[in-house]
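Note that the protein sequences, when read in sequence, are chains A and B.
For the first sequence, numbering that gives the first Met the number 0 assigns the number 0 to the initial residue and increments by one for each residue that follows.
For the second sequence, numbering that gives the first Met the number 0 assigns the number 0 to the initial residue and increments by one for each residue that follows.
Derived from the structure by calculation, the hints contain no laboratory data.
It cannot be assumed that every hint is accurate.
[To be verified] To give an idea of the interface, some chain A residues facing chain B are shown, with a C-beta separation under 10 Å as derived from the structure: (1) Gln-120; (2) Tyr-245; (3) Leu-328; (4) Arg-396.
The beta-carbon is built from N, C-alpha and C at its ideal position, and this holds for glycine as well.
2 protein chains.
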Amino acid sequence: MINDIRLSPLYPMVNPQSIAFLGASNNFSAMGSTIFSSLRKAGFPGRLYPVHPKEKVVQGIAAFEKVEDLPETPDLAVFVLPTRLVCETLEACGVKGIRHVIIVTAGFREVGGAGLELEKQLVETAKKWGIRFLGPNCIGVTNPHKLLNTTFMRSEGSAGFIGLASQSGSFVTQMFNYLDRFKVGFSTAFSVGNSADVDIVDCLEYLGACPHTKVIALYVEGLVRGRLFVETAKRISIKKPIVALYVGGSETGRKAGFSHTGTMAGPDRLYDGIFRQAGVVRARSVTELFDFARALGSLPFAAGRRVAIQTHSGGPGAAAADACGRTGLEVPPLLPKTIEKLSAFVPHTGSIANPVDITYSKNPMDFFSQIPSALLEDENADMLLVYYLVPLAMVLRPIMSMGLDEETAAAHATRWLDEQAASLADLMGRHNKPIAGFTFRSITEHFPQALMSRGIPVFQGPEKAVRALWACYEYARLKSRLLA
Amino acid sequence: MINDIRLSPLYPMVNPQSIAFLGASNNFSAMGSTIFSSLRKAGFPGRLYPVHPKEKVVQGIAAFEKVEDLPETPDLAVFVLPTRLVCETLEACGVKGIRHVIIVTAGFREVGGAGLELEKQLVETAKKWGIRFLGPNCIGVTNPHKLLNTTFMRSEGSAGFIGLASQSGSFVTQMFNYLDRFKVGFSTAFSVGNSADVDIVDCLEYLGACPHTKVIALYVEGLVRGRLFVETAKRISIKKPIVALYVGGSETGRKAGFSHTGTMAGPDRLYDGIFRQAGVVRARSVTELFDFARALGSLPFAAGRRVAIQTHSGGPGAAAADACGRTGLEVPPLLPKTIEKLSAFVPHTGSIANPVDITYSKNPMDFFSQIPSALLEDENADMLLVYYLVPLAMVLRPIMSMGLDEETAAAHATRWLDEQAASLADLMGRHNKPIAGFTFRSITEHFPQALMSRGIPVFQGPEKAVRALWACYEYARLKSRLLA
């Protein structure tokens, strides 16, 4: 295991100063051109060298006819070439002294037949020159902290703390927009494609050392270096959480994964064991993978499995409590001192059992200060789940009824919501217990966004929130077992 | 079982011509005032009679001091009164001849102690006068087809096809905004609260006969009349699908439900049996309850468990296939004739196995016509799952690169997306097989909205879409078993 990303063989791929780009042209409908364009739009500050057999200028940048013509040896070459040209171009890169390549081109092992032979040739050529490469059949790397994006999709949102290594490029590109809606983002994301050379284990090692990465997410269709994976993940997961989705465990998933990246998958139970041994928290769906990553990357870890639930309504409270029970979390009785503290805030039609049902009838100013504070102080509670997430309109209405115009009222309302979010985030910091929220409204509304941008994740519905809190508990449990 | 809602004792509650409202005032922060205001904002076309001991005019409408002063006997009275006034006011309603009441007021059985006694009194008074009432501790009814909304939350979106009976008011009010984002809505929704008189079984019977209701959703914390539930649900579910979420099955859910509505819940397995016997499809979460309702209310039912998957990217395809396997659905091989048809559309780097991986490289015009058409024609496929849901920007970019200004380009792009959505909906109609889509982008983007408004439900991530398709299969299976 490394402690410094500069020691990783992947470092120049993720932090290049200069890139040769093979496969971009002035035909904007070609994949290579789209990727080159998104690389430039990301604002990559290093030197870019398009290589094109005919065009002298590609998208406004001086192009070179052949790799050998490049004025320097770039840190990285990106290939979006026709399949038949890949091997000979890799050879040319070797001659030029290029030692890091991303091969986006598909048509290798995953298509079977001649593709198998072609991939073998690729590996041999790379070995001969000491080239490390990502792919083929991948979409490369994004490192928003260095404004690097070799995918065809434009980045959205800010650089973040989720490190991803994925056997699917979609779970890089499709997540730019997805994660941005939750106010999180990638630290670095790898699409490993067929993993003919660099594989998930290499990426895991890099992300383990990456200072921007607070949590590592893995999308796995099948692991080849299983033992090394366990050893590497074990060493990392005592320092930072790793979450994984494995889709090769069902017969249908196994087949689909094989035709996607040519990976041989193993039985579900085997992977359950691998992940548990390695301290990896296993997710059950794509969205859950990122739910877990959001929670584990921004929340304190849970010291135990006991959840205090704060709701303004019985149904969502009961559904949340039921979800806790089904997920292996507890909803303990509150301590007498907590009940005493809360009795000033909860009307007689509410409930001071756990879930604490505030109902609508008291002062909303307490919802994100006195009430959660009392719950977080309770030694019986390891985590807090909050349902009451105020829609902007609900705050706006009473303010406007005082005669303010809409714009002034909106300014007051959003400031009030921001203050409430800050208050809750502050409580989380002081008590060092995880807090998660849930809502049925859009998570892009002002209050959920304000909470999420302050590190309190919000989920659509109680079950997802509960599963994310479970991940905080499960990671702490796995970690302490590894340390013991 | 009834075949006409006019025969239901609930008919005047759901379709009143006139309403007495007790508990609204000119103090806008009171719950009663909020509900009265949302009743009016919904555009209720009948006669409204606020009753208030002091105020002569409530929110601009002439008020009456006492129930006995009302100029007619209204079809319905709504109570949002202090707990201590409820019984005597019900008595006054009895005297006046009012036979249908919604009691929003809480503080009865669910708070224990004196509340138990109070609820008994309530039931006795109602019996004495032959009054049918909903609640207490509920938020009443919404019937958007009749512009009726007795909840404190303003309606959003259009009247729809989901009939809901819920032991939580939140799953009525919180779903206005939620369902609208998915382009569906309630036909009629009941919050039954403590069910001291009208319970879920009564509502189920009403919804079974309701012509606007294509699917019935139930939120259950515990059933009292279990045997009648099974008999009623059985008769209805051979005509229209019923989906249910039960949260009393875990120890934590049971306790929370009890403090919410005072309901005694039973073991999870018992309810599994009840639902299966009754032909009810059981959901595992709140969002899944409505996912199932959306799917079952708008899709044809599935003749079998075999899913064809159309994707433009391997990872989401593999994750979808894996989800099918885990959910008990199959991803069968395609017929040779289908493979032949598709070979013209799928590039060599794609895959014509199932999932069909189109990749990005061919004509997007085929994605929603030729390709799904071939898959729906395949006798091996009972359902179709589609991943490729085009972001507007992706269509906009090439159009704008042809030199059109943004506004014209946007008009072209949205028209093109609408045409694609219409084409897919048309294919669904012709082949009578369910189609579901999934995306990781926001479901409020143009294309998912266009699909959903044409009856093709779209889900966030493959697992939710697969579960919804499973519900289409499961309902068909349960129904044919009941008919056998």
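**Report entry** Proposed interface contact between Tyr-245 (chain A) and chain B, which counts if any beta carbon pair is under 10 Å
**Finding:** holds, 8 Å
Query - Hint check: 10 Å Cβ-Cβ cutoff, Leu-328 (chain A) to chain B - result: OK, holds: Leu-328 (chain A) within 10 Å of chain B, min 8 Å.
Query - Interface hint for Arg-396 (chain A), Cβ within 10 Å of any Cβ on chain B - result: Since the shortest Cβ distance to chain B is 8 Å, the answer is holds.
Requested in this report: Grab the minimum C-beta distance from Gln-120 (chain A) to chain B and call the hint holds if it beats 10 Å, violated otherwise.
Outcome: The hint is violated - Gln-120 (chain A) has no Cβ within 10 Å of chain B, the shortest such distance being about 17 Å.
Checked against the numbered hints above, the structure breaks only hint 1 and satisfies the rest.
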